[in-house]
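Student: Below, each chain spelled out in residue letters.
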Amino acid sequence: MVRRARRAEMSMPQPEDAMSATDLLKTPLHALHVELGARMVPFAGYDMPVSYPAGIIAEHRHCRASAALFDVSHMGQLRLVGDAAAAALETLVPMDIVDLQPARQRYALFTADDGGILDDLMVTRRRDDLFVVVNAGCKDADLRHLRERIGARCGIVPMPDHALLALQGPRAAEAIARLAPELSALTFMTGCEVSLAGAPCYVTRSGYTGEDGFEISVPADAASALARALLRLPEVKPAGLGARDTLRLEAGLCLYGHDIDTTTTPVEAGLSWAIQKIRRAGGARHGGYPGASVIDDQLASGAGRKRVGLVGLERTPVREGAAIVDAAGRRLGQVTSGTLGPTVEKPIAMAYLAAAQATPGSEVSADVRGKPQPMRVTPMPFVPHRYVRAKA
Amino acid sequence: MNIKYTSDHEWIDLADPRAAIVGITQHAQDALGDVVFVDLPAVGASFERGDVAGVVESVKAAADLYMPVAGEIVEVNEALRADPSLANTDPHAAGWFFKVRIADGAETGDLLEQAAYDELVKNA
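Chains C and L are the protein sequences, given in the same order.
Using the numbering used here, read the first sequence as starting at 1 and increasing by one per residue.
Using the numbering used here, read the second sequence as starting at 1 and increasing by one per residue.
Do not take every clue at face value.
As the list claims (entries may be wrong) - Covered stretches of chain L, as calculated for chain C (at least 3 residues, CB under 8 Å):
(1) 14-24
(2) 93-104
As the list claims (entries may be wrong) - Here are some chain C residues the structure puts well away from chain L; computed CB gaps all over 10 Å:
(3) Val34
(4) Gly55
(5) Glu148
(6) Ala199
(7) Pro317
Claimed, not checked - Simulated restraints, written as ranges between beta carbons of each label pair:
(8) C:Arg331 - L:Ala45: 48 to 58 Å
(9) C:Glu148 - L:Asp83: 47 to 57 Å
(10) C:Gly361 - L:Asn2: 26 to 36 Å
(11) L:Thr108 - C:Leu231: 28 to 38 Å
(12) C:Glu148 - L:Thr89: 32 to 42 Å
(13) L:Arg81 - C:Asp221: 27 to 37 Å
(14) L:Lys122 - C:Glu182: 32 to 42 Å
(15) L:Gly109 - C:Arg386: 36 to 46 Å
(16) C:His385 - L:Asp83: 35 to 45 Å
(17) L:Asp83 - C:Arg386: 28 to 38 Å
(18) L:Gly50 - C:Lys26: 34 to 44 Å
(19) C:Glu35 - L:Asp110: 33 to 43 Å
If you're looking for bench data, these hints aren't it; they were derived computationally from the structure.
Ideal Cβ placement from N, Cα and C applies to all residues, glycine included.
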């Protein structure tokens, strides 16, 4: 029994890939992962835990039942500094950054001239800067992009001396409140400065699992102590990148490089909700970002294809790269992400289908090893989100 | 029991050559992680040694199952099909995959003994 085609594993490079363990970067929590018995794999140039001895399914379920701690320090953290930073960033993203209120966080997309997506990111208005978190695999390119395009207008300051932890799950709030009771006051997509493990941290109430949870930017030299303190809390267990992927897929969240990339526009990807009115046609700060004319057009007339959710009607998992065909065998699209969802206990996937076929309830087939696997188009998320939002 | 191994981390119990039992090893299930799906061969199908007889899938990936010996499938483990986690919890017993009637004259001499397989795993 040997590993099959790499296609199925593209989201997680395997240990037998080119880089040796000594070439890989380590996060501040590397020794902790090894101590906890994690299975380590290369990911975006880092030696990262894909799972701990409990395994992906148990870690995933613990997140949805209680609270899971993830090390996401491989991601890029940076600060944009100066009065012109927000206006400058708006020249690169179709989002409202200028009117982003203090302590609020927003999901954003770097776009290309043809309307494709260069990366997805989170932006938080903090007291003295805009705090930006980008994907690990894109951080070097994103930094170059920022410097080339807006380096003259604002300070662009990477934060390599900070780690990033994510504590996610319905019991994350009660757990972290033991360390910092003030964090209970945060609501979804807001943040604050807080002292944790004696170190000055910045915490946002957000994440990548669909559950309530927190992302914690912590100085690297305090990261291990903070992680250990969190793991000592009775609600909390560690979870790796394997569970992170199954959780986000069940939550209907895109993974850059798979469900969104330079060939997908925000409208095709179903991310129009992230483009605030003020940046759309008729808005006070309409356009002015790469690909605006393509995106405006699609916002007005719809996109030719759409990202949809698919649920398998039998038990065979359907994975990235599988062709989607209709009853007559005509190719309709391709799967961009797929797995056996540990909470839904069914095969789930995301794919782009022509707009006409992208109707919830449509039955299609996925080609798995030459055999058609029946699937149904379904709205996402596959598992309801449980964000703790501000009261209206 | 007469257990031999392959370098693909499968075991075969040759005690009854009309129904030799095939499964994946402890090392294999550990490397795979949580098994979520198995694609078992059809009963009655015949394969050459080294042919892909089925697939075992973990959360993250699918892995081929090879025929350790030429022969005809005489039984598959329906309990495993219903509960793929048996491959993790009991890979050498309840987690068996299929039974083979070994073809006449089929090669079995170079299957690995326990000691040789243990050595392979140690160096893996």
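Student: For every hint, state whether the structure bears it out.
Tutor: Taking the hints in turn, this is what the structure says about them:
1. 14-24: violated (count 1)
2. 93-104: violated (count 0)
3. Val34: holds, 17 Å
4. Gly55: For glycine 55 of chain C, whose nearest Cβ neighbour in chain L is about 5 Å away, the distance does not exceed 10 Å, so it is violated.
5. Glu148: holds, 36 Å
6. Ala199: Given a closest Cβ separation of 34 Å, the condition holds.
7. Pro317: Proline 317 of chain C is in fact no farther than 10 Å from some Cβ atom of chain L, at 6 Å.
8. C:Arg331 - L:Ala45: 48 to 58 Å: Violated - the Cβ-Cβ distance for arginine 331 of chain C and alanine 45 of chain L, about 29 Å, lies outside 48 to 58 Å.
9. C:Glu148 - L:Asp83: 47 to 57 Å: holds, 55 Å
10. C:Gly361 - L:Asn2: 26 to 36 Å: Cβ of glycine 361 of chain C to Cβ of asparagine 2 of chain L: about 54 Å, so the range 26 to 36 Å is violated.
11. L:Thr108 - C:Leu231: 28 to 38 Å: violated, 49 Å
12. C:Glu148 - L:Thr89: 32 to 42 Å: violated, 54 Å
13. L:Arg81 - C:Asp221: 27 to 37 Å: violated, 51 Å
14. L:Lys122 - C:Glu182: 32 to 42 Å: violated, 52 Å
15. L:Gly109 - C:Arg386: 36 to 46 Å: Check failed, 59 Å falls outside 36 to 46 Å.
16. C:His385 - L:Asp83: 35 to 45 Å: violated, 30 Å
17. L:Asp83 - C:Arg386: 28 to 38 Å: holds, 29 Å
18. L:Gly50 - C:Lys26: 34 to 44 Å: Holds - the Cβ-Cβ distance for glycine 50 of chain L and lysine 26 of chain C, about 40 Å, lies within 34 to 44 Å.
19. C:Glu35 - L:Asp110: 33 to 43 Å: holds, 41 Å
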